[in-house]
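Build the full structure now, drawing on both the sequences and the hints.
Just so you know, the protein sequences line up as chains H and Z, in that order. Residues -10 to 241 in the working numbering are what the first sequence spells out, letter by letter. Residues 43 to 285 in the working numbering are what the second sequence spells out, letter by letter.
Source of the hints: derived by calculation from the structure; they are not laboratory data.
Chain Z residues, not near chain H, derived (Cβ > 12 Å throughout):
{"id": "1", "residue": "172"}
{"id": "2", "residue": "227"}
{"id": "3", "residue": "268"}
{"id": "4", "residue": "272"}
With a Cα cut of at most 27 Å, we get these calculated DSS-like pairs of lysine-lysine:
{"id": "5", "chain 1": "Z", "residue 1": "87", "chain 2": "H", "residue 2": "208"}
{"id": "6", "chain 1": "Z", "residue 1": "114", "chain 2": "H", "residue 2": "4"}
{"id": "7", "chain 1": "H", "residue 1": "208", "chain 2": "Z", "residue 2": "56"}
{"id": "8", "chain 1": "H", "residue 1": "95", "chain 2": "H", "residue 2": "220"}
{"id": "9", "chain 1": "H", "residue 1": "8", "chain 2": "Z", "residue 2": "87"}
{"id": "10", "chain 1": "Z", "residue 1": "87", "chain 2": "H", "residue 2": "4"}
{"id": "11", "chain 1": "Z", "residue 1": "114", "chain 2": "H", "residue 2": "8"}
The C-beta atom is built at its ideal place from N, Cα and C for all residues, glycine as well.
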Amino acid sequence: MNLFSEIGRYIIFMKYVFKRPERGRVFWSMLTREMNLMGIESLVVVILIALITGAVTTVQTASQLASDSGILPPSLFPMEIVGSVVGSSSILEIAPTITCLVLAGKIGANIASEIGNMRVSEQIDAYEVMGINSIGFVSLPKILAGVIMIPCLILVSVFLLMVGGLIAAKLTGILTLDQYVTGIRSSFVPHYVNVLMVKGYIFSFIITSMSAFQGYYTKGGALEVGEAGTKAVTRICVAILAFDLIIAKLLL
Amino acid sequence: MIQLIDLNKFYEDKHVLQNINANFYSGVANLVIGASGGGKSVLVKTMVGLETPTSGQVLFEEQDYHNLEYDKQQALRREIGMLFQGTALFDSLTVEQNVEFPLLMFSEMSKEERMERVNLCLSKVNLHNANQKVPSEISGGMKKRVGIARAIALPIKYLFCDEPNSGLDPLTSRVIDNLLHDITKEFGITTIINSHDMKTVKDIGEHIVFMHQGQKWWEGSKEELSEAQKSNPELDAFVKASF
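As structure tokens, this is what we get:
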């Protein structure tokens, strides 16, 4: 029952999010600020995560193929498979899902605590009394900025995952660059990019809207603001993984 | 003028506003007084639309506020200014930007006109040389004054103040009281002040509503207050305890 009432409240919340903003120029300035905060300031963490994860995936896949599993002798596995696994899993899973789980911790917690703080310090009440649609005013720029910037970060992440794998291959010598690149190119399926982008847009919407919702309905003081951030991240992670499965089932 | 008609508010099974009927007049400082937990804050929040009444009406010049269409309700809200107990200043904006905010949102003024209005409002509350400071850099009394300046930035008809003197020293409290009185008279607005400070009542109160345990216990002018104390032990106890 509690879950259903939460979903109902979320739907009503979304109805107010998409009401026309009161003042276009204020909205645009808030949107660009949020795009900068979410996009540019998340770039470093995305670059690091992508490079390291790409390298780890390459090393681990190569080591598994090189070890005797008892099914086939290692010499019968072409090492191009490593590039193929890294390429496909980067596009389908690691870039959209891992990046968004990391961004849920960074962006999601940030949005929930920022809006939660505005709630407990009566700033949201002040917007309401002024006749501003407070839900839309505080949430729409963040949601829109997320939906624009997070898919861009995911695209950057795909590229860097493969670069990370390439660097690992080069440094460790577990496979040649030719084998790695050939593997990536041979396994590339254009439809996977559609799946990547669908996941990117849906996950970015989940991160920003659920965290805004959680922050907006914060009650209490500083402690509850912190709890709102934690709760938002937990729920976003569960929702991302659930939608990950649904999208995979529907699109693959 | 604002009228409350049979206003009731429940929080689950707790009856926090019980059948309130009261009037708040234009051009005067209307004070809602009473002990903590008596329903003053809920009453003010219900009047400005931050809480929805369980039943009853809040009439702004005979318009039923809570039953207006969304757009009309939003338009009416733009005629309301509010000074919050915790000031509710936007902490990422400077003093100047806080006061400018309503103008930016709801006026067609140019940047120069907005700044002129901001400086006028800040001078009305005797706040100088603080334009570029952020709320965390100014004192409690200054924050209250910025809050008042922001509330009057647009040409409002109604000013609501929730505990304007809370957390302030007696001297600053009197400054804030006098400011509210002067603004009420200068702009001819309906001011509703929620307070438990009897000094405020004595200094600037004109029309008083006494709340006790969620009910309107007494309503009248400041001149009638002493007489009412004789026949109203709760009011008498509150007034005497305040000095």
